[in-house]
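Number of protein chains: 2
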Amino acid sequence: MTAVAVHGVGTSHFGRQPDRDYLALAHDAVTEALADAGTDSVDAVWVGTVFGPPGIAQRTLRALGITGVPVITVENACASGTTAFAEAAEAVRTGRFGRVLALGLEQMSTAFSGAITPEPTDPEQHAGLALPALYAMSAARYLHLGAVTPEQLAAVSVKNHAHALENPRAQYSGRYTVEEVLDSKMISDPLTLLQCCPTSDGAAAAVLAPASGGGREVGLRGVALRSGAPWNHDSPHVWGFDIVRDTAADALAAAGLDSVTDVDVVEVHDAFTIGEIVTTEALGLVAEGEGGAAAATGVTALGGRHPVNPSGGLLSRGHPLGATGLAQLAEIVWQLRGEAGGRQVDSARIGLIETMGGGVSVLDGNACVVAVLEAP
Amino acid sequence: MTAVAVHGVGTSHFGRQPDRDYLALAHDAVTEALADAGTDSVDAVWVGTVFGPPGIAQRTLRALGITGVPVITVENACASGTTAFAEAAEAVRTGRFGRVLALGLEQMSTAFSGAITPEPTDPEQHAGLALPALYAMSAARYLHLGAVTPEQLAAVSVKNHAHALENPRAQYSGRYTVEEVLDSKMISDPLTLLQCCPTSDGAAAAVLAPASGGGREVGLRGVALRSGAPWNHDSPHVWGFDIVRDTAADALAAAGLDSVTDVDVVEVHDAFTIGEIVTTEALGLVAEGEGGAAAATGVTALGGRHPVNPSGGLLSRGHPLGATGLAQLAEIVWQLRGEAGGRQVDSARIGLIETMGGGVSVLDGNACVVAVLEAP
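Line by line, the protein sequences are chains Z and D.
Everything in the first sequence is counted per UniProt numbering, starting at 1 for the first residue and increasing by one.
Everything in the second sequence is counted per UniProt numbering, starting at 1 for the first residue and increasing by one.
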């Protein structure tokens, strides 16, 4: 099998950009990724989008001059972008294609004004379980168990908004206090507005090809994709813990790493503050029940022992669903090339991305992708 | 690489079934395919759908008891089902997974009352180029060139509706005359109602695994997927000819076949009568300009030299977009196992399926999948 490397990455600006259609967003991401990779052609394309209309991938690529190569669009809820990445990587690994583009894109602000609307036939529609409510149930459970405090939840938001101050592509940033986060509008108790990812438009892309030893190539050490059962009927853990733990174990094994503590920088799926806390625990970066304290005491901040979401994460960089996973990848690539500017993690050699696809139908299972990358 | 075989197939009934949701349709296809393969578990699932809402794959599979395995949903317009098949086959071929389910599903009757509505921002929305109009342009061009007559166009409909008389799962069937076809309601000149595929609901599935020499396994000799440029600016051929020709050449080469004339039975994408005519020519079953005559003289009928669409094709079996490619596969599997009943092609040893994904955004490129299969 062929060793796979990320030869280039690119993203659009992330934010509410209702005047920028799929093409405009993709243009920024793809042209940057191709230029970064030093190429103007690819042999195949995988595209991740959740709400993009049928055919949007080929229309977008055609306008960018990418025609006549196989194009496959994938949907895997919020993990659509990393699913596109995983599939593109597999195609290079097996020699199916030489140079592959992975593209994630989503235009949400023209379709949604608030939380994503469940399908009318969804059971969660009847139960009121939009995604903020689902994560709020996890947070409430953690509070009940004494595994987190409201202030620790808020600390994740404080940290990630501060990280984003150094990320010019981020949708939001700012120096907030814990009190300001807790005092922001209540969305779904205990999660306040500043603890929820925003509605975002954006695109992100990566060019994958065999590793050639080039000085700017970021190697893919391992990637894993899992889909999970709905909820966690058979688990004592809150929603999402088990699948992240298991997918990360797969990815670390594929990467030949004994422990996640060998990882220097991490981008995880902090769609809501509780998500980052549960994920840092499930990854094993901190012990179970210690994720909140880690955020509050700086362990997961830039400069801490396990920097998490230096980009600002979904909470601050924004969360255009299909684009998110590839934006996480771009951040880790920049970190591992030492190009992350004011948010650079010192001497980062190994990076990890994790995306959770809760699904619009959250009751129906979820998806998780974890990848481990290595500096040139 | 591992030799891949189709171990089982299944489909729902095809037709307007607004009371049957995605789950009900998928249930029929998946349970039949698993039983046909003699198994109750798979290691991964690829799902093809065009208009299925985000998360529908995982919801459907959960209800069928298929949880905890990777699920990837793909969209490639009308070729979504065969794209799922191609991806599942690749996963088995490379040893990524052992036993893989490919599932195609579409519920159209609750969403569309006539032709698929283009996106509001589509250029074809402004040009009036819904899919019937696009195919009508091809037909008009062929008429203008003298490459087909109105009666030959109609003969495809007569033939495929007659084939479907022997297919109990087909949406429509009947003994029509050429005159009746030509006298049916004009949809887009020169294509009349009986020359257009109907609005359909349905699902189809296949279980793929390494070839083990089992007596009911249908071997996959080769499969190819291409995406094309929009229209045919640089080609003298009508829309769709070039991509079918090129994709078929890839698939035949992968199958180690010198000529398409080695193929005994074919299912092609006859979304409109002109589609079958162009495709039989592009495949090389008949010479360019001879596809219409072949249909009119019985060359492509059951009992003819090159039987095409014994199932009734999209025109008669129906065309639930994401399900179509896997329904084509099911038909060829039944044919190659000698289980096609009254529509059986005698001594069929080699079969071929072809799906054209014109896209909802037809101006923006298309997709084509061709696969070659071999009897047990």
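Hints in this document: simulated from the structure, not taken from any laboratory.
A few of these clues could be false.
Some chain D residues judged to face chain Z by a derived CB distance under 7 Å, without partners named [to be verified]:
1. Leu23
2. Val50
3. Pro70
4. Val71
5. Ile72
6. Glu75
7. Thr94
8. Leu145
9. Ala147
10. Thr149
Note that beta-carbon positions come from the ideal geometry of N, C-alpha and C, so glycine has one too.
Here's how the hints hold up against the structure:
{"no.": "1", "hint": "Leu23", "in the structure": "violated (10 Å)"}
{"no.": "2", "hint": "Val50", "in the structure": "holds (5 Å)"}
{"no.": "3", "hint": "Pro70", "in the structure": "holds (5 Å)"}
{"no.": "4", "hint": "Val71", "in the structure": "holds (4 Å)"}
{"no.": "5", "hint": "Ile72", "in the structure": "holds (6 Å)"}
{"no.": "6", "hint": "Glu75", "in the structure": "holds (4 Å)"}
{"no.": "7", "hint": "Thr94", "in the structure": "holds (4 Å)"}
{"no.": "8", "hint": "Leu145", "in the structure": "violated (25 Å)"}
{"no.": "9", "hint": "Ala147", "in the structure": "violated (25 Å)"}
{"no.": "10", "hint": "Thr149", "in the structure": "violated (33 Å)"}
Hint check: violations occur at hints 1, 8, 9 and 10; the rest are consistent with the structure.
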